[in-house]
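Asks: Residues per chain are reported as follows:
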Amino acid sequence: GQSLEQPSEVTAVEGAIVQINCTYQTSGFYGLSWYQQHDGGAPTFLSYNALDGLEETGRFSSFLSRSDSYGYLLLQELQMKDSASYFCAPIHNFNKFYFGSGTKLNVKP
Amino acid sequence: EPEVTQTPSHQVTQMGQEVILRCVPISNHLYFYWYRQILGQKVEFLVSFYNNEISEKSEIFDDQFSVERPDGSNFTLKIRSTKLEDSAMYFCASSRLGGTEAFFGQGTRLTVV
Numbered sequence: 001g002q003s004l005e006q007p008s009e010v011t012a013v014e015g016a017i018v019q020i021n022c023t024y025q026t027s028g029f030y031g032l033s034w035y036q037q038h039d040g041g042a043p044t045f046l047s048y049n050a051l052d053g054l055e056e057t058g059r060f061s062s063f064l065s066r067s068d069s070y071g072y073l074l075l076q077e078l079q080m081k082d083s084a085s086y087f088c089a090p091i092h093n094f095n096k097f098y099f100g101s102g103t104k105l106n107v108k109p
Numbered sequence: 001e002p003e004v005t006q007t008p009s010h011q012v013t014q015m016g017q018e019v020i021l022r023c024v025p026i027s028n029h030l031y032f033y034w035y036r037q038i039l040g041q042k043v044e045f046l047v048s049f050y051n052n053e054i055s056e057k058s059e060i061f062d063d064q065f066s067v068e069r070p071d072g073s074n075f076t077l078k079i080r081s082t083k084l085e086d087s088a089m090y091f092c093a094s095s096r097l098g099g100t101e102a103f104f105g106q107g108t109r110l111t112v113v
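Chains as they are written, first to last, in this note's numbering: chain U, 1 to 109; chain B, 1 to 113.
The hints are simulated quantities; they were obtained by calculation from the structure and are not laboratory data.
Possibly wrong hints are sitting among the right ones.
[To be verified] Simulated coverage check for chain B against chain U, where a stretch passes if three residues somewhere in it have a Cβ under 8 Å from a Cβ of chain U:
| id | stretch |
| --- | --- |
| 1 | 36-48 |
| 2 | 58-70 |
[Unchecked claim] Take a look, some chain B residues computed to stay more than 10 Å from chain U by CB distance:
| id | residue |
| --- | --- |
| 3 | 1 |
| 4 | 7 |
| 5 | 11 |
| 6 | 12 |
| 7 | 14 |
| 8 | 20 |
| 9 | 54 |
| 10 | 73 |
| 11 | 74 |
| 12 | 78 |
| 13 | 79 |
| 14 | 86 |
| 15 | 87 |
| 16 | 106 |
Predicted model, so just to flag it, every value in this text is computed and none were measured.
Glycine is no exception: its CB is placed at the ideal position from the N, C-alpha and C atoms.
This is chain B alone, in the form it adopts within the complex (with noise of 0.2 Å):
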């Protein structure tokens, strides 16, 4: 069953430091969103991404932040210069276009120290 994967699982990075953190969608779908969930708390939208552009950001997703698709099949999230706040599990999801469902990679625990 396909499945989007995320790379690392777990990140730990000093304060100031440049993270990129990685993932692989399904490969049918079109929308590409990544979220946000700080321990014990909500998921939180950060950006959806289609047709190799921002569709749509919230606004925690201020200028730290970047996604990229560099090929065909990756799908990136970049925070310029951590801090101590972005402590979070990442999660990468994926959807059709016009789908109902996002389906969610398993995420990646960024830990900034």
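Bound-form chain U, shown alone (with noise of 0.2 Å):
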């Protein structure tokens, strides 16, 4: 089967870094992607690891250990818009997208 664990929710001042982690289980793994949704919108893509190691955009960077099961997305200079739930999707038997229970970030002033 597919698990996914996330903490449910973090908060943090502007200007701050913050470091989402992610574990996961699953079958056929191929990779892991997060993604970014603000309330009442929809998901929306923000970064792929297929191998190991730190991937970086910008302010955003994505960070994954295929031996430990294990990721994470790390943001810097935290913004007020960077309010927003934050999930990781391992992708599995090929085009497979698994989103878990994701993580809320509050930034606060």
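Mind docking these for me? Both chains are given alone in their own frames, and the hints should help you get the complex.
Replies: Encoded structure:
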């Protein structure tokens, strides 16, 4: 079966750095992606890791360790607009995206 | 920029009625999905569709649900006899073959009363 663990909620202040961890268990694992969802909106793609290591895209970075079935999303220089839910989504069995419960990030002034 | 479009944005229906949610995936995508999100909860996989047939479905996708690609552009989700617990946001998504990104529509909020 599939399982995912993420913290349910994280709070940080503007300008800070926050790390959202994700551990997964899934068969036929291809890679790990991250999505952002603002309240009332659709999930939007942030990043994808196929290989171990860190991928950087502007203020956001994502890390994967396949041997540990673990990844994280790192958000730097937090802004108020980063307040949203963040979902890690392993891709498995070819074109199958599985979403966890998500982490609600609250950014405070 | 190509996008996934869903109609209607909000649908209210009486319990026991049939509803059809409509989606137009991105034109060169080959995989199509329906996900459900009950308010404040996680995005739950319902079904994936490829090459005119269901590729995979979850336990939620029981006999009350069906999907169809009636023509070259639309992808529909039908719920035959709606229940109160079907109230949720339904998202359609599409991806390229072997794609690493799912593109989501803005969702249809279904309210069953």
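Asks: Each hint needs a verdict: does it hold in this structure or not?
Replies: Here's how the hints hold up against the structure:
| no. | hint | verdict |
| --- | --- | --- |
| 1 | 36-48 | holds (count 6) |
| 2 | 58-70 | violated (count 0) |
| 3 | 1 | 12 Å, holds |
| 4 | 7 | 14 Å, holds |
| 5 | 11 | 16 Å, holds |
| 6 | 12 | 17 Å, holds |
| 7 | 14 | 25 Å, holds |
| 8 | 20 | 20 Å, holds |
| 9 | 54 | 12 Å, holds |
| 10 | 73 | 19 Å, holds |
| 11 | 74 | 18 Å, holds |
| 12 | 78 | 21 Å, holds |
| 13 | 79 | 20 Å, holds |
| 14 | 86 | 19 Å, holds |
| 15 | 87 | 16 Å, holds |
| 16 | 106 | 5 Å, violated |
The earlier numbered hints that this structure contradicts are 2 and 16.
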